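Asks: Based on the provided sequences and hints, a complete structural model is requested.
Order-wise, the sequence lines are chains P, R and A.
Under my numbering, the first residue of the first sequence carries the number 1, and numbering increases by one thereafter.
Under my numbering, the first residue of the second sequence carries the number 1, and numbering increases by one thereafter.
Under my numbering, the first residue of the third sequence carries the number 1, and numbering increases by one thereafter.
No lab work stands behind these hints, which were simulated from the structure alone.
If you're wondering where the values come from, they're calculated on a predicted model, not measured in any experiment.
Where a beta carbon is used, it is the ideal one built from N, C-alpha and C, also for glycine.
It is possible that some hints are incorrect.
Listed below are several chain R residues computed to face chain A (Cβ distance under 8 Å; list not exhaustive) [claimed, not checked]:
1) F11
2) G13
3) T40
4) F42
5) I53
6) P55
7) P57
8) A98
9) N104
10) N106
11) M110
12) L124
13) S128
14) I133
15) F134
Now for the letters of each chain:
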Amino acid sequence: MESNKFSIIMFSGTADKFIPLGILSQAAAAMGYEVNIFVTGFALLGFTKNPPILPFPAEFTKMAPDFMKGMEHANMPTWDKMLKEAKELGAKIFACSAMSTVLNLNKTDMSNLIDEIVGAATFLQKSSSGQIIFI
Amino acid sequence: MESNKFSIIMFSGTADKFIPLGILSQAAAAMGYEVNIFVTGFALLGFTKNPPILPFPAEFTKMAPDFMKGMEHANMPTWDKMLKEAKELGAKIFACSAMSTVLNLNKTDMSNLIDEIVGAATFLQKSSSGQIIFI
Amino acid sequence: MESNKFSIIMFSGTADKFIPLGILSQAAAAMGYEVNIFVTGFALLGFTKNPPILPFPAEFTKMAPDFMKGMEHANMPTWDKMLKEAKELGAKIFACSAMSTVLNLNKTDMSNLIDEIVGAATFLQKSSSGQIIFI
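Replies: This is the structure:
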């Protein structure tokens, strides 16, 4: 295994999951890892130019306001700010080509965070023999 | 790490998660990876002979019809078709023995996609020193 | 890759996800793996001294009673009992410092299962070049 590669398949589209995406990407990139992110599923909605408001998980909607307040109190940067930092450190973010077709999204519909649209096989190749997590 | 092993622990039982299961398994098997899948949790319901209709995530039910239409438009094969292709390329699918007991399911209750019922330790052994994701 | 390291980022806070956390940690520790767990997100609520009742996923609440009965029938130990066994075999459990701040939790508010509060970078270092899953 190449010990300096960290990949994330970002699939879940609820708001909470974008926080570990930001934190882990930023931390791994800052530690010198090669970071590759593959955005697919409902998560791709968060990477559009005019993203909808991402929902909190149905089980925890009651906790969402306290959670958001706690994030503010902790001065935690937003997930897209953390991703921008990760990208400045070399992280790459790819949109899943199959999901782009399903959701009828072109590269121009997507946020500037997306570097390229690629297929699953291409992404597996990029992340081969490194750590990989599915969020 | 063995760079040619890719394992999936399939736990989540919502309909959307079966799509990356199919796509990643098929892509990894086509790339020559040894693919091992461990089906457990509510996902095991999707691998029964008479599976219930798998629910979409509560947060995205409104989007489900458009999503399904998009999949049809994109001519995307169903997840079980993709798994069949992965199996033809050598992928193996295991059902979790503990979850089989909890849900009171025997091998004969399960779909033909399941190769064998094994415990978590056996699966960890099969996937040792390879990439592994939890869906 | 170090083939004897297994790490879990425990993020999801629904009741069902704590079962694979317990089973995989216990199995990996019993197999001689170095096991490191990073508890973050809503899952951290399950590791407080007075934890709330963890909700089942909204899509499967109807199945929860049968599921719980099945677990009793199968004599499956509770997730915290499995984690205790994993810890006796050397597993370490860390709470995410950022999430602790967001939820306003100190070490003294947390269950005895938690060994230490650390940041994401420290955890990535501990789990480097081993298998890692995100639950």
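Asks: Each hint: holds or not?
Replies: Hints and how they fare:
no.	hint	in the structure
1	F11	6 Å, holds
2	G13	7 Å, holds
3	T40	7 Å, holds
4	F42	5 Å, holds
5	I53	11 Å, violated
6	P55	4 Å, holds
7	P57	7 Å, holds
8	A98	6 Å, holds
9	N104	6 Å, holds
10	N106	14 Å, violated
11	M110	16 Å, violated
12	L124	6 Å, holds
13	S128	6 Å, holds
14	I133	7 Å, holds
15	F134	4 Å, holds
The structure shown violates the earlier hints numbered 5, 10, 11.
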